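Enquirer: Below, each chain spelled out in residue letters.
2 protein chains.
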Amino acid sequence: MRMTTIPFALAMIGILAVSGVAYGIDKEPISPIVAVKVSNPALVELGKKLFFEPRLSKSGSISCNSCHNLSMGGSDNIKTSIGYKWQQGPINSPSVLNSSMNLAQFWDGRAKDLKAQAGGPINNPGEMAFTHDLAIDMLTSIPAYRAEFKSVFGKETIDIDQVTTAIAEFEKILVTPNSRLDQWLVGDKSALSKNELAGYQLFKKSGCVACHNGAAVGGNSFQKMGMVAPYQTKNQAQGRSAVTGNDADRLSFKVPTLRNVELTYPYFHDGEVATLTEAVDIMGRLQLGRTFSADENAKLVAFLKTMTGDQPQIVLPILPPSNDSTPRPQPFG
Amino acid sequence: MRMTTIPFALAMIGILAVSGVAYGIDKEPISPIVAVKVSNPALVELGKKLFFEPRLSKSGSISCNSCHNLSMGGSDNIKTSIGYKWQQGPINSPSVLNSSMNLAQFWDGRAKDLKAQAGGPINNPGEMAFTHDLAIDMLTSIPAYRAEFKSVFGKETIDIDQVTTAIAEFEKILVTPNSRLDQWLVGDKSALSKNELAGYQLFKKSGCVACHNGAAVGGNSFQKMGMVAPYQTKNQAQGRSAVTGNDADRLSFKVPTLRNVELTYPYFHDGEVATLTEAVDIMGRLQLGRTFSADENAKLVAFLKTMTGDQPQIVLPILPPSNDSTPRPQPFG
Numbered sequence: 062m063r064m065t066t067i068p069f070a071l072a073m074i075g076i077l078a079v080s081g082v083a084y085g086i087d088k089e090p091i092s093p094i095v096a097v098k099v100s101n102p103a104l105v106e107l108g109k110k111l112f113f114e115p116r117l118s119k120s121g122s123i124s125c126n127s128c129h130n131l132s133m134g135g136s137d138n139i140k141t142s143i144g145y146k147w148q149q150g151p152i153n154s155p156s157v158l159n160s161s162m163n164l165a166q167f168w169d170g171r172a173k174d175l176k177a178q179a180g181g182p183i184n185n186p187g188e189m190a191f192t193h194d195l196a197i198d199m200l201t202s203i204p205a206y207r208a209e210f211k212s213v214f215g216k217e218t219i220d221i222d223q224v225t226t227a228i229a230e231f232e233k234i235l236v237t238p239n240s241r242l243d244q245w246l247v248g249d250k251s252a253l254s255k256n257e258l259a260g261y262q263l264f265k266k267s268g269c270v271a272c273h274n275g276a277a278v279g280g281n282s283f284q285k286m287g288m289v290a291p292y293q294t295k296n297q298a299q300g301r302s303a304v305t306g307n308d309a310d311r312l313s314f315k316v317p318t319l320r321n322v323e324l325t326y327p328y329f330h331d332g333e334v335a336t337l338t339e340a341v342d343i344m345g346r347l348q349l350g351r352t353f354s355a356d357e358n359a360k361l362v363a364f365l366k367t368m369t370g371d372q373p374q375i376v377l378p379i380l381p382p383s384n385d386s387t388p389r390p391q392p393f394g
Numbered sequence: 062m063r064m065t066t067i068p069f070a071l072a073m074i075g076i077l078a079v080s081g082v083a084y085g086i087d088k089e090p091i092s093p094i095v096a097v098k099v100s101n102p103a104l105v106e107l108g109k110k111l112f113f114e115p116r117l118s119k120s121g122s123i124s125c126n127s128c129h130n131l132s133m134g135g136s137d138n139i140k141t142s143i144g145y146k147w148q149q150g151p152i153n154s155p156s157v158l159n160s161s162m163n164l165a166q167f168w169d170g171r172a173k174d175l176k177a178q179a180g181g182p183i184n185n186p187g188e189m190a191f192t193h194d195l196a197i198d199m200l201t202s203i204p205a206y207r208a209e210f211k212s213v214f215g216k217e218t219i220d221i222d223q224v225t226t227a228i229a230e231f232e233k234i235l236v237t238p239n240s241r242l243d244q245w246l247v248g249d250k251s252a253l254s255k256n257e258l259a260g261y262q263l264f265k266k267s268g269c270v271a272c273h274n275g276a277a278v279g280g281n282s283f284q285k286m287g288m289v290a291p292y293q294t295k296n297q298a299q300g301r302s303a304v305t306g307n308d309a310d311r312l313s314f315k316v317p318t319l320r321n322v323e324l325t326y327p328y329f330h331d332g333e334v335a336t337l338t339e340a341v342d343i344m345g346r347l348q349l350g351r352t353f354s355a356d357e358n359a360k361l362v363a364f365l366k367t368m369t370g371d372q373p374q375i376v377l378p379i380l381p382p383s384n385d386s387t388p389r390p391q392p393f394g
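Chains as they are written, first to last, in the working numbering: chain A, 62 to 394; chain B, 62 to 394.
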């Protein structure tokens, strides 16, 4: 059902439109995720190594995958992440899955793209707590990395631009096509149950789609958390205003994708909400001024779970070993 | 070169013996690693999930793979591991690769086998800091785990015995055949350079093989660290005497495997030795009463690096999500 059916299904759109389906694919606010075609596998492979490379951190123990775990929906499933020396992160770690579709990266959108994002955690003292220079020193000390970077980038030296380019290219393949919703969108009417379909109709009618739309079902706008009523949180994150300097943007955050939302608990920027039931309830009241009944809530939750797609199949990379000249990690230093 | 060549090569032993090779495979103190045949793939697959399952820890962030990272020789490449709330571990994390060949598990051999070992870190307050009961509660709360355990073990309930059985069965497939030494052992005379072969001869003649022999090149005896001269360390580990109660066993540790030793730095039970050069020097002086010359040391190091085998190709498991009834991790609680 993976890549072969999508072109076939896309070819069926015309038929669906003619047959009078209420929501043909061309009219739906959500579009299917299309599997990524890898154009430069060597670059992606290098990026995969770096994504799993704990030596990009001061402790030698934290990699991108620590907080964006590809076994767990590209997230870490805790409220806020654990950084160097068990520092408590300031905000919930967003999923890396389908993140290439975001209009910008981080909850406040302070990085314009995945490449700009990738360098951030490496030298954030509360996260990987390293420096870009030390990361390059580490990589440069290892002949296998020198050879691989040279083969991929054609240069004699490794720099942080290459590192973040490679990580971003790997992250771009982390898309999750073929969810049951996507199967339904491309024409398989049996892919959703009656209950799930009712949830989808409610999702559209009640206004959720105003922010959660497109292929990622989110990720394409900034919105205030607490439009109708304020969101109660002890979390200190200011959101978009920290980037724009505009006080009107306070508590405005990038709308998270709802793709794989079943896997990316806990919810919201503070990670304080453990269940989809509670998240749907809060979204209804605070963003839409609407209290969903238990039955409505259950339908919406059932619908949300239809957006779990095929998870990327990742063969764990084997990292080239350090050698006598490689600087050692300082986990307790 | 993986599995197909070994039977062929084994068939060549007779020819080698006749042809007057000094060290035929039947006379070598080191034997090749044989690839494992999986008899129960469903059990191994479940064990793989559990090996990568951070929800077996209190923080929801530490899995078996955290300290036995299959991207890094089945070890964590730091002196001692990082436990719950960044506690500093008491001893270097040994590689999980080829660990099924050990006569017992842990440096002091306090677990008789991998199954007995697997439960240890889960409820060690300094490591994963969970309890077996809480681990079972977590697994039992997740329908996909309930179904998978039932399918594998045929029982209605999950227990810790099943958990450790599955983890151990996964670990048993983590062997690394086809190193260049193994290729040489089974008859490919071009697999080792003249220098590496000289290192192997020295390894045998100088007495290293007394403890480092067999398929794992170690792992099959306990020996005192500091036979000829004492090993200076601030590490508090007492070794085998903590298990036997016999003071004569103080500072006696399980001889580590030298398989993949290039990947499993830093060295010794305290992890205080960063390089193979230094490790070889210390072993020579403290265990054999012999100071290797720089040339001898380099030959031995060159030989040691021929024992890096094919690393297990692991497809990262996709873990079933928690649901509303699943107890939440307590990373900062």
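These are calculated hints, taken from the structure and not from any lab test.
Note that the structure is a prediction, hence the values are computed from the model and not measured.
One or more hints might be untrue.
Intra- or inter-copy, both count: the list cannot distinguish identical chains.
Said to hold, decoys possible - The calculated lysine-lysine pairs, modelled on DSS-like cross-linking and capped at a C-alpha distance of 30 Å, are:
{"#": "1", "residue 1": "Lys366", "residue 2": "Lys216"}
{"#": "2", "residue 1": "Lys98", "residue 2": "Lys255"}
{"#": "3", "residue 1": "Lys146", "residue 2": "Lys366"}
{"#": "4", "residue 1": "Lys98", "residue 2": "Lys266"}
{"#": "5", "residue 1": "Lys146", "residue 2": "Lys255"}
{"#": "6", "residue 1": "Lys285", "residue 2": "Lys98"}
{"#": "7", "residue 1": "Lys250", "residue 2": "Lys176"}
{"#": "8", "residue 1": "Lys88", "residue 2": "Lys266"}
{"#": "9", "residue 1": "Lys366", "residue 2": "Lys211"}
{"#": "10", "residue 1": "Lys216", "residue 2": "Lys265"}
{"#": "11", "residue 1": "Lys285", "residue 2": "Lys250"}
{"#": "12", "residue 1": "Lys255", "residue 2": "Lys216"}
{"#": "13", "residue 1": "Lys98", "residue 2": "Lys295"}
{"#": "14", "residue 1": "Lys88", "residue 2": "Lys176"}
{"#": "15", "residue 1": "Lys266", "residue 2": "Lys176"}
{"#": "16", "residue 1": "Lys211", "residue 2": "Lys88"}
{"#": "17", "residue 1": "Lys146", "residue 2": "Lys88"}
{"#": "18", "residue 1": "Lys255", "residue 2": "Lys366"}
{"#": "19", "residue 1": "Lys233", "residue 2": "Lys285"}
{"#": "20", "residue 1": "Lys266", "residue 2": "Lys211"}
{"#": "21", "residue 1": "Lys173", "residue 2": "Lys285"}
{"#": "22", "residue 1": "Lys285", "residue 2": "Lys255"}
{"#": "23", "residue 1": "Lys266", "residue 2": "Lys295"}
{"#": "24", "residue 1": "Lys295", "residue 2": "Lys146"}
{"#": "25", "residue 1": "Lys216", "residue 2": "Lys285"}
{"#": "26", "residue 1": "Lys211", "residue 2": "Lys146"}
{"#": "27", "residue 1": "Lys265", "residue 2": "Lys176"}
{"#": "28", "residue 1": "Lys146", "residue 2": "Lys216"}
Enquirer: Is the C-alpha distance from Lys98 to Lys255 at most 30 Å within one copy, between copies, in both cases, or in neither?
Expert: neither (34 Å within a copy, 46 Å between copies)
Enquirer: I want to check one pair: Lys211 and Lys88. Are their C-alpha atoms no more than 30 Å apart within a copy, between two copies, both, or neither?
Expert: Neither, since 47 Å and 44 Å both go past 30 Å.
Enquirer: At most 30 Å between C-alpha atoms: does Lys98 with Lys266 qualify within a copy, between copies, both, or neither?
Expert: Classified as neither; 35 Å inside a copy, 55 Å across copies.
Enquirer: Taking 30 Å as the upper bound on the Cα-Cα distance, should Lys216 and Lys285 be classified as within, between, both, or neither?
Expert: neither (44 Å within a copy, 50 Å between copies)
Enquirer: Can you tell me if Lys255 and Lys366 fall within 30 Å by alpha carbon in one copy, between copies, both or neither?
Expert: within (14 Å within a copy, 61 Å between copies)
Enquirer: Is it within a copy, between copies, both, or neither that the alpha carbon of Lys266 lies no farther than 30 Å from that of Lys211?
Expert: neither (53 Å within a copy, 42 Å between copies)
Enquirer: With 30 Å as the alpha-carbon cut-off, assign the pair Lys255 and Lys216 to within, between, both or neither.
Expert: neither (57 Å within a copy, 34 Å between copies)
Enquirer: For Lys98 vs Lys295, is the C-alpha pair at or below 30 Å within one copy, between two copies, both, or neither?
Expert: neither (42 Å within a copy, 54 Å between copies)
Enquirer: My question is about Lys285 and Lys250: at a cut-off of 30 Å on alpha-carbon distance, are they close within one copy, between copies, both, or neither?
Expert: neither (35 Å within a copy, 69 Å between copies)
Enquirer: Indicate which option fits the pair Lys265, Lys176 if close means a Cα-Cα distance not exceeding 30 Å: within, between, both or neither.
Expert: neither (33 Å within a copy, 51 Å between copies)
Enquirer: Taking 30 Å as the upper bound on the Cα-Cα distance, should Lys250 and Lys176 be classified as within, between, both, or neither?
Expert: neither (38 Å within a copy, 47 Å between copies)
Enquirer: At 30 Å max between alpha carbons, let me know whether Lys173 reaches Lys285 within a copy, between copies, both or neither.
Expert: within (19 Å within a copy, 58 Å between copies)
When each numbered hint is compared with the structure, violations occur for hints 2, 3, 4, 5, 6, 7, 10, 11, 12, 13, 14, 15, 16, 17, 20, 22, 23, 25, 26, 27, 28.
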